[in-house]
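Protein chains in written order, with the working numbering: chain Y, 1 to 210; chain F, 1001 to 1210; chain C, 2001 to 2247; chain Z, 3001 to 3227; chain W, 4001 to 4227.
Simulated from the structure, these hints should not be mistaken for laboratory data.
Each residue gets a CB set at the ideal place from its N, CA and C atoms; glycine is no exception.
Take these hints with a grain of salt, some might be off.
[To be verified] If you anchor each label on the Cβ, the simulated ranges turn out as follows:
{"hint": "1", "chain 1": "Z", "residue 1": "Ala3216", "chain 2": "F", "residue 2": "Ser1113", "range": "26 to 36 Å"}
{"hint": "2", "chain 1": "Y", "residue 1": "Gln195", "chain 2": "C", "residue 2": "Arg2085", "range": "49 to 59 Å"}
{"hint": "3", "chain 1": "Z", "residue 1": "Ala3216", "chain 2": "Y", "residue 2": "Glu64", "range": "48 to 58 Å"}
{"hint": "4", "chain 1": "F", "residue 1": "Gly1119", "chain 2": "C", "residue 2": "Arg2085", "range": "56 to 66 Å"}
{"hint": "5", "chain 1": "F", "residue 1": "Ala1196", "chain 2": "C", "residue 2": "Ile2229", "range": "54 to 64 Å"}
{"hint": "6", "chain 1": "F", "residue 1": "Gly1198", "chain 2": "Z", "residue 2": "Leu3113", "range": "54 to 64 Å"}
{"hint": "7", "chain 1": "C", "residue 1": "Ala2121", "chain 2": "Z", "residue 2": "Leu3194", "range": "23 to 33 Å"}
{"hint": "8", "chain 1": "F", "residue 1": "Ala1115", "chain 2": "C", "residue 2": "Arg2233", "range": "27 to 37 Å"}
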Amino acid sequence: MAEDTAVLLEGKDLELWRGETRLFSRVSFQLKAGELLHIVGPNGCGKTSLLRVLCGLTLPETGEVYWQGKKLARNRANFHASTCYLGHRESLKADLTAEENLVFQLGLRCWLSPADIHGALERVGLTGRRTVPARSLSAGQKRRVSLARALASGAKLWILDEPYTNLDVAGRELVDQMMSEHLGRDGLVLLVAHQAHGVADGVRRRLELG
Amino acid sequence: MAEDTAVLLEGKDLELWRGETRLFSRVSFQLKAGELLHIVGPNGCGKTSLLRVLCGLTLPETGEVYWQGKKLARNRANFHASTCYLGHRESLKADLTAEENLVFQLGLRCWLSPADIHGALERVGLTGRRTVPARSLSAGQKRRVSLARALASGAKLWILDEPYTNLDVAGRELVDQMMSEHLGRDGLVLLVAHQAHGVADGVRRRLELG
Amino acid sequence: MWEFIHKLGSPPHFWRLSGTLVPWFGWFALVLIAVGTVGGLWIAPEDYQQADAFRIIYFHVPSAWLSQFGYVVMAAAAVVGLAWRIKLAHAVAAACAPIGASFTVVALATGSIWGKPMWGAWWVWDARLTSTLVLLFLYFGYMALRAAIDDENRADRASALLAIIGVINIPIIKYSVEWWNTLHQPATISKLGKPSMEPAMLVPLLIMWLGFTFFFFAILMIRTRAEIIARERNKKWLRDVIDKDGV
Amino acid sequence: MEWPGLGSAFWLQLTRDLRLAFRHIGQAANPLMFFVMVTTLFPLALSPAPELLEAIAPGVIWVSALLASLLAAESLFRQDVEDGTMEQLALSPQPLSLLLLAKTTSHWLMTGLPLVLMAPVVGHALFLPTEAIPATMLALLLATPVLSLAGAVMAALTVGLRRGGGLLSLLILPVVMPVLIFGARATDMAMQALDVSGVMYLLAAVLLLAISLAPAGMAAAMRISLD
Amino acid sequence: MEWPGLGSAFWLQLTRDLRLAFRHIGQAANPLMFFVMVTTLFPLALSPAPELLEAIAPGVIWVSALLASLLAAESLFRQDVEDGTMEQLALSPQPLSLLLLAKTTSHWLMTGLPLVLMAPVVGHALFLPTEAIPATMLALLLATPVLSLAGAVMAALTVGLRRGGGLLSLLILPVVMPVLIFGARATDMAMQALDVSGVMYLLAAVLLLAISLAPAGMAAAMRISLD
Ligand code: HEM
Ligand SMILES: Nc1ncnc2c1ncn2[C@@H]1O[C@H](COP(=O)(O)OP(=O)(O)OP(=O)(O)O)[C@@H](O)[C@H]1O
Ligand SMILES: Nc1ncnc2c1ncn2[C@@H]1O[C@H](COP(=O)(O)OP(=O)(O)OP(=O)(O)O)[C@@H](O)[C@H]1O
Ligand SMILES: [Mg+2]
Ligand SMILES: [Mg+2]
């Protein structure tokens, strides 16, 4: 049941508690190939937490997440092989260069030639900073490295938590382009962003939290 | 020479190198009471580095920074007592609550009653999260804690590096309000932000980098 | 089995059950310990070589036994809690740790009091003694870890994992006397078939042992109820129950 | 979906950690430094009577080995968790246990292996009879990985938490005490020219046990800490 | 401009770090537990003959002192630098050296002081003659702060000059070793009922030197590292 028309990612009435407070409950949605889900809500309403539940980092109080119809816990490896998660923190080793970081992180999930990685880095405009350790990259440049990771990962599902953060105007346009292309390739995008995204075509849905 | 009409903060042809690359050179500006300087430029052009030079964390290659006419190195304590710096990273202790963090950080620079701190936290909308350690605050909530620090610090010069990051719409408006009020109080603001800020009144200047 | 676990796993049910059981266990323990003490300290004959010093065995052995049994109970509860995500099991484990720790302390204390006349030293570095000390450290580690984690859910799971890892130590304690030739008494009671102890000494010991065990469970249930109160404080059923018939 | 095999994943993780370690050569050197200090301290501090030193040599070697690995366990996973790379490991298709095992291996290569190699030097400094040294080295070779593995499990349990208070040591020491006992016994017996094979088998058994159980434990603990 | 005085700043920093270490007062017991364990290790590793233990007691006590100070030193400042709070300290009107000194003090309170307090217990467990204990405690009281200060300077250096900066940490060896040796010597002499005042004066002198020089050194290293 993995045709592109079928539901790929599904969340069934998810509920999550933090301390005494219930962040969200009865959150359900379905996502097909080529669809983008834009999750919005005020600060602290639980968007990031929801994303972490969806990619299997956090156990929900109740509810289940399904990937290609199977429970996430059942086929975790398969799911992770086809997802790419960009969190609030770019997860870079401060002492390694952007390239070294990508080579390692992507090497765990797919076979890549150095050319692919150079291509991705060039796409996000970091060719000039080959030799700089991630520590001394600027905030926006770090963010761009994460974008390059998403590009090169060849993942089917992108989970982006505020990808526009720290990016200049050109950078924000780049993100929009990337997402449109990805959707065009029948990819899925889970987007959390406070400002409106610029994805014109493709199926776009909204999920209001809180 | 510390009347409000006088120049309070001044940078005289600052130049900074990083590795092989020159980030900026011959950067000069003057800032009077009640003025806002909006520093803009593409990612990695050196905005953050400039701010760090201005608040004395980084030594410039050439040039000098003056506060109230005196060299910064001369009256560091005086200068730091009247500045508040918000960087890319919120500098919070993950294990302390927002309140504990503020009590400590502000306690080093001024005398405050708990009421003041509560007031600031209430202003930024964190009253509901008194008991939560900063670790488990959401990204936007952390940013709001930093805003509260600026509010309560009673500093004359605010140095804000992308204060809008991770904030929802209401949060971004809050930042604009805060800045307008601060300028109204004859405060100074050094702002780095990629999107246009919403400060209507007060003297506003732009500095293009890179 | 499955149903049973989940039925027992529901706090309200456990609350009712324990409410009825605690008094019974308590009284059993009291009576047995009283009988055992009398039997052990007065009726039982003197030991031909240790004179009266040996009588401390009636407190030493049961507490030493419970120090291990308590850990096993804690680990078992932890397994249940992790495997079936039953919160009550975690509560039991949490309640168990301090009890087990205190029995371990008693075992160590009585042991070293006994050791003074027997070995001429309060403490010797012998395998069983050491592994018992390790057991105490394990209890402390468990409690320290639990205390260090703010989020209750995570505290439960992390400390449960630790408890399970620590189980390795139990067989070491149990069989240390066989594996290494130690100063410490080898199994004299637990030897199947004919115990190498005359009944007049043995019977009170067994009674004590039973009494201590009942005592252990009584305390365990009481502490678990306390845990439940702490965890379910803003649940409706608890308020109703407590309003109806107190704690 | 297809993804690179376990072998290459393990290798990738291992090489990355080693590269990082060598960039922070200082931190990596700490445990070794400690080891040297301790072993030189005893002869210098105590009345340096050879027979006394010889008597305490096993204890010194083993305790300092244990403490050195303890010292290093603290910073095993902490940095990865703080900079968010651990999250990415947990989200990779590779089994987390494998990756953490790789991290532990590199950690052992940086802390445990040097101890094994230094054993002869230390042994001489403490007048350990030469015939006891091979046995000691073998025992260390078998025991130090266990120390690293145990340390790794506990580190994974406590990584999310505020440091200090020696919580980690409180958790590790009880678990590793048996290893210490066996190891020291091996050295002791070798000094008296007794047959050590029995102890060695025991240590080897413990090592196998640790290798087979610890990775799963680490992974479970880490997933809890990341939650 | 006016700002709170040095005293209150020092106090604020101190209390914050202590609170970070011990969220619950119960955790204050952990360091004590830690020393109990470390000292139980040696008898385990050695054949537990009282006279032997007595002979090595000084070494054991002082090694665990060294360990305790090293254990925490490595990450004494690293976390603050990484989460950016150190930046804020450097930007506060208070002198950085004072604040870092406060941090070091809290570190000592967590690691050094417990050792001093536990010395009698530990000593007893290792059959240290009772008359040697007061001298040992005094020596520890003088020496452990030096260890903490040296560790702090080392930490500031490693945090700062990242690549291979740790190698500089070897520089503290010349500082630390004498302290340890003299300390252990003090215990040793006290055991033989010799006059220890000389050693004590020496330790005190070293302590004064360290207190007067270390803070400036830390601050300088830290400012470089923040640049
Ligand atoms: C601090 C010192 C001591 C400790 C930590 C200690 C610990 C233990 C432990 C853990 C057990 C096993 C209980 C069980 O599994 O049911 C035990 C049993 C026993 N201990 Fe001790 N003990 C100590 C000192 C002594 C001394 C000094 C004596 C007498 C010479 C003694 C005599 C016994 C006896 C007779 C048993 C029952 C053996 C059996 O049948 O299993 N213990 N002790
Ligand atoms: N132990 C706790 N007790 C109470 N509330 C908690 C606890 N831990 C986390 N929270 C709350 O859970 C929420 C987590 O929010 P999350 O990070 O998912 O928000 P978000 O939607 O991503 O916000 P942002 O837009 O700022 O990123 C926060 O409001 C936080 O205050
Ligand atoms: N060792 C180095 N060699 C070369 N370039 C370096 C080195 N260290 C830092 N840089 C460069 O210095 C710049 C620092 O930029 P800075 O953080 O000031 O940028 P920024 O204007 O704040 O960017 P952003 O808008 O993304 O925050 C980056 O471009 C970085 O690549
Ligand atoms: Mg978020
Ligand atoms: Mg910047």
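Evaluation of the provided hints:
With their beta carbons about 53 Å apart, alanine 3216 of chain Z and serine 1113 of chain F fall outside the hinted range of 26 to 36 Å. Checked against the given bound of 49 to 59 Å, the beta carbons of glutamine 195 of chain Y and arginine 2085 of chain C, roughly 39 Å apart, lie outside it. Taking 48 to 58 Å as the suggested C-beta distance range, the pair alanine 3216 of chain Z and glutamate 64 of chain Y does not conform, at roughly 24 Å. Judged by the Cβ atoms, the range 56 to 66 Å given for glycine 1119 of chain F and arginine 2085 of chain C is violated: they are separated by roughly 43 Å.
Range check, alanine 1196 of chain F to isoleucine 2229 of chain C: about 56 Å between beta-carbon atoms, so the 54 to 64 Å window is met. Against the hinted window of 54 to 64 Å, the Cβ-Cβ separation of glycine 1198 of chain F and leucine 3113 of chain Z comes to about 60 Å, which satisfies the hint. Between alanine 2121 of chain C and leucine 3194 of chain Z, the C-beta spacing of about 26 Å keeps the proposed range 23 to 33 Å intact. The given range of 27 to 37 Å is respected by alanine 1115 of chain F and arginine 2233 of chain C, whose C-beta atoms sit roughly 30 Å from each other.
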